[in-house]
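Protein chains: 2
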Amino acid sequence: MTERDQQTSLPTRVVIIGGGFGGLNAAQALKSANVQVTLIDRRNFHLFQPLLYQVATGGLSPADVSSPLRAILKHQKNTAIVLAEVTGIDRARQEVHLRGGDCVPYDHLIVGTGVRHHYFGHDDWSDIAPGLKTIEDALDIRTRIFLAFETAEREPDPIKQQEWLTFVLVGGGPTGVELAGALAEIANETLRKDFRQIDPRRARIILIEGNDRVLTSYPPKLSAAARRSLHRLGVIVMTESLVTSVDDRGVEFKSKESTQRIDARTVLWAAGVRASSMGRILAEGNDKSLDRSGRVLVDPFLNLPDDQRVYVIGDLAMFTHQTGQPLAGVAAVAIQQGKYAAKTIIARLAGKAVKPFRYSFPGDMATIGRNHAVADIKGFRYSGFLAWISWVFLHLMKLVEFDNRLLVFVQWVWYYITHNRGARLITGEHRLPIRD
Amino acid sequence: MTERDQQTSLPTRVVIIGGGFGGLNAAQALKSANVQVTLIDRRNFHLFQPLLYQVATGGLSPADVSSPLRAILKHQKNTAIVLAEVTGIDRARQEVHLRGGDCVPYDHLIVGTGVRHHYFGHDDWSDIAPGLKTIEDALDIRTRIFLAFETAEREPDPIKQQEWLTFVLVGGGPTGVELAGALAEIANETLRKDFRQIDPRRARIILIEGNDRVLTSYPPKLSAAARRSLHRLGVIVMTESLVTSVDDRGVEFKSKESTQRIDARTVLWAAGVRASSMGRILAEGNDKSLDRSGRVLVDPFLNLPDDQRVYVIGDLAMFTHQTGQPLAGVAAVAIQQGKYAAKTIIARLAGKAVKPFRYSFPGDMATIGRNHAVADIKGFRYSGFLAWISWVFLHLMKLVEFDNRLLVFVQWVWYYITHNRGARLITGEHRLPIRD
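For the protein sequence lines, the chains are A and B, in the order given. Just so we're aligned: the first sequence equals residues 1 to 436 in my numbering. Just so we're aligned: the second sequence equals residues 1 to 436 in my numbering.
Hints in this document: simulated from the structure, not taken from any laboratory. Predicted model only: the values in this text are computed from it and were never measured. C-beta: ideal position from N, C-alpha, C; glycine also. A portion of the hints provided could be inaccurate.
Simulated restraints on C-beta separations [claimed, not checked]:
#1 326(A) x 263(B): 47 to 55 Å
#2 219(B) x 397(A): 50 to 58 Å
#3 436(A) x 308(B): 35 to 43 Å
So, partial list: chain A residues that the calculated Cβ filter (under 8 Å) puts toward chain B [stated by the list, open to error]:
#4 43
#5 405
#6 406
Just need the whole structure built from these sequences, with the hints factored in.
And the structure:
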């Protein structure tokens with residue numbers, strides 16, 4: 001506690017950078033506290049990342065999985081939102097610097113700016129194999145997927161046609177698995193009767209994973225169930241395979257000593273992540289304070305080891321104090337850490353003792369197409385239809401705003417009945433079949 | 001009828017360019033005919049243009065007002081869809097040329113490619129004052145509107161702040177009037193409690209119209225009612241005012257001999273249209289076959305005067321045979337003309353006599369914010385809440401696909417209760433407040 005906290009009547013200033021799961025939950029947990037909250041984000045909305053793959057596959061619209069931050073927090077009088085990019089943090093002067101020159105002073109700072117995708121030193125792959133982190137990424141992927149089918153329809157050469165009908169997903173985590181399942185349903189059901197020259201069911205969907213199983217953070221039993229579900233949908237799963245090269249005609253990968261190539265015009269990246277630039281900014285040149293992925297090593301209270309005024313939460317934080325294992329980059333961790341940071345600030349302001357952060361594991365889930373999912377909830381591990389129904393209702397409930405819940409529910413019911421994906425619009429700059 | 005029609009067993013080939021209201025209705029009217037239909041469009045979806053202004057103002061998502069053409073026509077076995085850009089039409093050889101080199105031969109051709117906005121020789125205004133014709137336009141306008149409020153929130157200079165809170169709409173037709181009404185509701189209701197530095201109700205919304213009334217194609221009584229509704233919402237309507245210059249800080253206009261200037265950072269264009277490039281292509285160098293806006297003069301059967309194999313429909317056609325007055329560029333005209341062209345082709349193939357096209361006026365409507373609209377239906381002219389309810393249900397019914405109807409209905413009910421516009425996302429390239 002500083003002199004300012006104790007001796008002036010000015011309310012304590014809490015600045016939060018990032019309006020994702022962590023930052024938003026921190027802001028909401030400070031609602032009734034006698035503090036002045038400033039939430040800074042580069043976007044004017046909170047994104048419900050777990051459903052972003054459904055935007056990328058034309059099942060939902062961007063607005064269905066996004067909620068304007070100002071709408072969520074409009075009645076929270078102690079909170080201001082600033083739409084801006086943070087360019088620096090001066091921890092000595094307790095100031096956040098914004099692009100354009102503005103400064104936002106803080107007494108306590110919570111940083112939860114997440115991660116970006118990462119190509120392991122091959123940044124040139126990013127144009128060819130986009131990742132899925134933002135709404136813009138999702139719309140880019142959506143255009144690529146549906147334009148590939150359109151291009152195949154207009155392509156007279158059968159070899160090229162099959163290249164356009166081949167989709168490679170790099171990375172067998174939840175995003176890769178869920179994208180693969182959705183792609184299979186698009187090819188087998190949604191587009192089944194849409195074309196006259198091609199049969200969309202001829203599409204090949206290939207999931208490449210470096211490890212020996214998909215969903216490596218889940219129990220092996222569920223990985224096996226997920227693989228069976230993918231297989232039933234026609235997805236080819238290649239484990240123990242490392243991508244060594246990506247170009248605009250396909251990928252090369254090493255699998256058990258041999259190198260193979262898949263000719264494919266659509267490659268999607270769900271393999272690696274690296275911390276956002278805020279990690280480097282907080283490190284202030286001390287690389288030892290970051291892990292290999294650029295995540296910030298935090299103390300048991302989620303603080304920077306040398307600065308109790310700064311909390312790092314969510315995917316950006318590297319927290320290992322509970323089990324010795326780093327916590328996964330999932331929404332549940334970010335939500336709990338956001339709330340914890342807020343409560344810790346309140347407790348410390350009141351001069352109370354605080355306990356270290358403890359993660360309470362609520363379970364893991366991934367859905368694989370319609371009717372199938374795998375779930376690991378409080379040690380109860382199950383898969384199939386029951387898991388899928390759990391997945392559906394859990395995700396509906398977790399959507400922040402009621403209108404999102406309603407819209408997503410309507411579209412899921414509709415999709416369940418008809419297989420139609422009404423949001424499969426080809427938009428943006430490149431929207432015509434490619435001829436080469 | 002040519003030799004091919006009569007003597008070969010090959011089905012007659014009908015090619016339709018444009019999947020708007022005209023082209024789509026033509027294709028659907030050919031469903032049971034013994035013809036082979038090819039529908040060519042640059043986009044993979046049909047756009048319900050009358051609700052596009054709601055996308056531009058964050059009330060609906062793009063997919064809510066769009067339907068994939070393949071989804072609409074998937075069960076129509078005699079119809080193929082080609083996603084391509086038409087670069088030329090060879091009427092002598094009866095071929096449509098596509099970008100990339102492909103040729104599509106036709107026996108009968110229906111062209112309904114609509115209009116683009118038009119700046120009366122000031123194409124440089126288009127970057128500053130975007131028009132509203134495509135999904136991309138709508139998203140661009142959406143970003144500009146909500147970014148303007150965000151920029152005002154961060155702008156310390158009160159004069160610049162007011163510039164960011166000033167919105168100018170050029171053109172008092174249905175699009176200008178509906179955009180103005182929606183903008184007023186955004187400022188007065190949706191964003192009312194969202195900001196901490198600005199009061200969104202301070203926003204000035206100014207509608208500039210060259211004529212002496214808004215909605216000039218409607219009866220004067222309804223124009224007056226629309227103006228009253230706009231006035232009640234706080235919109236400033238300036239009639240008999242001609243915009244003479246647009247720059248990135250505002251507009252200049254001439255009004256009763258004097259020239260005035262309005263400083264505004266957001267200018268939207270709803271004033272002029274010009275026929276799509278297909279008009280010039282059909283004219284084959286003969287400018288007399290086009291009107292001043294580039295629309296194609298058609299004979300009483302919607303054919304080119306010298307070519308009964310080519311039909312021009314919708315906004316692209318200039319049809320004056322019924323009353324001496326050109327028909328308005330509205331959905332109802334395009335729908336009726338599309339159906340007429342299809343039926344005329346079928347009748348002529350059967351060797352039957354055909355009657356000239358006659359437009360049956362179903363009415364005009366425009367909505368002005370929540371609860372107010374003006375309507376002119378079969379001579380019954382009314383305004384206010386009753387007109388608004390008619391507008392709501394008519395537009396819901398007219399949406400092509402059932403899932404669109406459901407989604408739009410849900411969002412309208414939700415908006416009616418809460419004033420929330422969940423789709424007010426700032427997306428695309430420029431999404432941070434502007435400092436200058």
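Tested hints:
1. In this structure, residue 326(A) and residue 263(B) meet the distance hint of 47 to 55 Å, their C-beta atoms being roughly 54 Å apart.
2. About 51 Å separates the C-beta atoms of residue 219(B) and residue 397(A), a value consistent with the hinted range of 50 to 58 Å.
3. Taking the beta carbon of each, residue 436(A) and residue 308(B) are about 39 Å apart, inside 35 to 43 Å as hinted.
4. The interface hint given for residue 43(A) holds, since its Cβ lies 7 Å from the closest Cβ of chain B, which is under the 8 Å cut-off.
5. Given the 8 Å rule on beta carbons, the hint for residue 405(A) is violated: about 11 Å separates it from the nearest Cβ of chain B.
6. Annotation: interface hint on residue 406(A) holds; nearest CB of chain B at approximately 6 Å, less than 8 Å.
Comparing the model with each numbered hint stated earlier shows that hint 5 is the single one that does not hold.
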